[in-house]
Amino acid sequence: MNNISGAGISVIVPAYRAAGTIGRALASVADQTLRPLEVIVVDDGSDDGTLEAAKSSAGLLGDIRLTVLHQYHGGAGAARNRAIMEAAGHYVAFLDADDEWLPAKLERSLPYFDDPAIVLVAHNNLHAEAGAERLNDAASRFRAAPISFVGLYRKGFIGTCTVVAKREAVLSAGGLDPELKTAQDFDLWLAMLADPANRFVVFDEALSRYHVTEGNITSHTARRLACGQIIAERHAAALKHYPGSMLFSLAFRNAAIFNEARAVYMSRCRYGLAIWTMARMPFALLKSLSVVLLGRNIHPRRDYLQPG
Numbered sequence: 001m002n003n004i005s006g007a008g009i010s011v012i013v014p015a016y017r018a019a020g021t022i023g024r025a026l027a028s029v030a031d032q033t034l035r036p037l038e039v040i041v042v043d044d045g046s047d048d049g050t051l052e053a054a055k056s057s058a059g060l061l062g063d064i065r066l067t068v069l070h071q072y073h074g075g076a077g078a079a080r081n082r083a084i085m086e087a088a089g090h091y092v093a094f095l096d097a098d099d100e101w102l103p104a105k106l107e108r109s110l111p112y113f114d115d116p117a118i119v120l121v122a123h124n125n126l127h128a129e130a131g132a133e134r135l136n137d138a139a140s141r142f143r144a145a146p147i148s149f150v151g152l153y154r155k156g157f158i159g160t161c162t163v164v165a166k167r168e169a170v171l172s173a174g175g176l177d178p179e180l181k182t183a184q185d186f187d188l189w190l191a192m193l194a195d196p197a198n199r200f201v202v203f204d205e206a207l208s209r210y211h212v213t214e215g216n217i218t219s220h221t222a223r224r225l226a227c228g229q230i231i232a233e234r235h236a237a238a239l240k241h242y243p244g245s246m247l248f249s250l251a252f253r254n255a256a257i258f259n260e261a262r263a264v265y266m267s268r269c270r271y272g273l274a275i276w277t278m279a280r281m282p283f284a285l286l287k288s289l290s291v292v293l294l295g296r297n298i299h300p301r302r303d304y305l306q307p308g
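Numbering (the numbering used here), first residue to last: 1 to 308.
It should be emphasised that the hints constitute simulated quantities derived from the structure, not laboratory data. One should not assume that every hint holds.
Said to hold, decoys possible - Once the Cα atoms are required to be at most 27 angstroms apart in a straight line, the calculated DSS-like pairs of lysine-lysine come out as:
#1 Lys55 with Lys240
#2 Lys155 with Lys55
#3 Lys181 with Lys155
#4 Lys155 with Lys240
#5 Lys287 with Lys240
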């Protein structure tokens, strides 16, 4: 693979109440062995000094251009969209303000774009929680899928902070849906890859660290469940390119969404919520199947990068 310059990379960092972690995230960008062109931080209406903390990190970045923007609170999707529109790079690399990259992340990711069909590159990551780390082995799930897009639709295995993408492909897909309260990134990956001519790769190195907190697990579980159903129905039509996979994949995805929620509730001893979640699953599946079989898309995407 050829050596691709980091001069074409824009790093996208949405930040909300991240005064205590934004410095760590930006330091991990500064430590990259392939230095990007710029970092764009969008402070999403924080009230804890995030804006000032981001600006004070400029010295860490040296010759990497830092742009810090502020907006009223609109969610991570809206913040990422604004950064994408501001970006000057050919590639956009996603990093959340409470996560971090390992030093070789960009250097190891960029050469995969030598294949012109590749629009998205991802890798494994580490989940850090309560002083312990575990590997999220996305690469093994990528390799196990006979059809990459179908495997991604069913299992949703790509973490946000692992992704580098062609900016033009992100623009063509319309950016992130800010109305989704969570999983906007997964929705975008599926939109980018719905065209079978667009391909992605997940390689077998852990080059980012996702910091798990109580807030980003328990409080988001119900929202992830609701948004997961919207995304499953929205993108089921793209499975028509792969005969025989649509209905099974829709059922698989629904089961995965509900089982993920059940597992979270069980791990937090919320047994009543776990039982209620699984009791709802058959009815949710019937609703999703009826939507798809009737050819209705009740959650269509649009160009979220344009006003209105």
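Hint check results:
For the hint pairing Lys55 with Lys240, the CA-to-CA distance comes to about 47 angstroms; that exceeds 27 angstroms, so the pair is violated. With a CA separation close to 37 angstroms, the supplied pair Lys155 and Lys55 exceeds the 27 angstroms bound. Straight-line distance between C-alpha atoms of Lys181 and Lys155 comes to about 19 angstroms, which keeps the hinted pair within the 27 angstroms bound. Simply put, Lys155 and Lys240 have alpha-carbon atoms about 18 angstroms apart, close enough for the 27 angstroms limit, and the pair holds.
For the proposed pair Lys287 and Lys240, the alpha carbon gap of about 19 angstroms is at most 27 angstroms, so the pair holds.
Checked against the numbered hints above, the structure breaks hints 1 and 2 and satisfies the rest.
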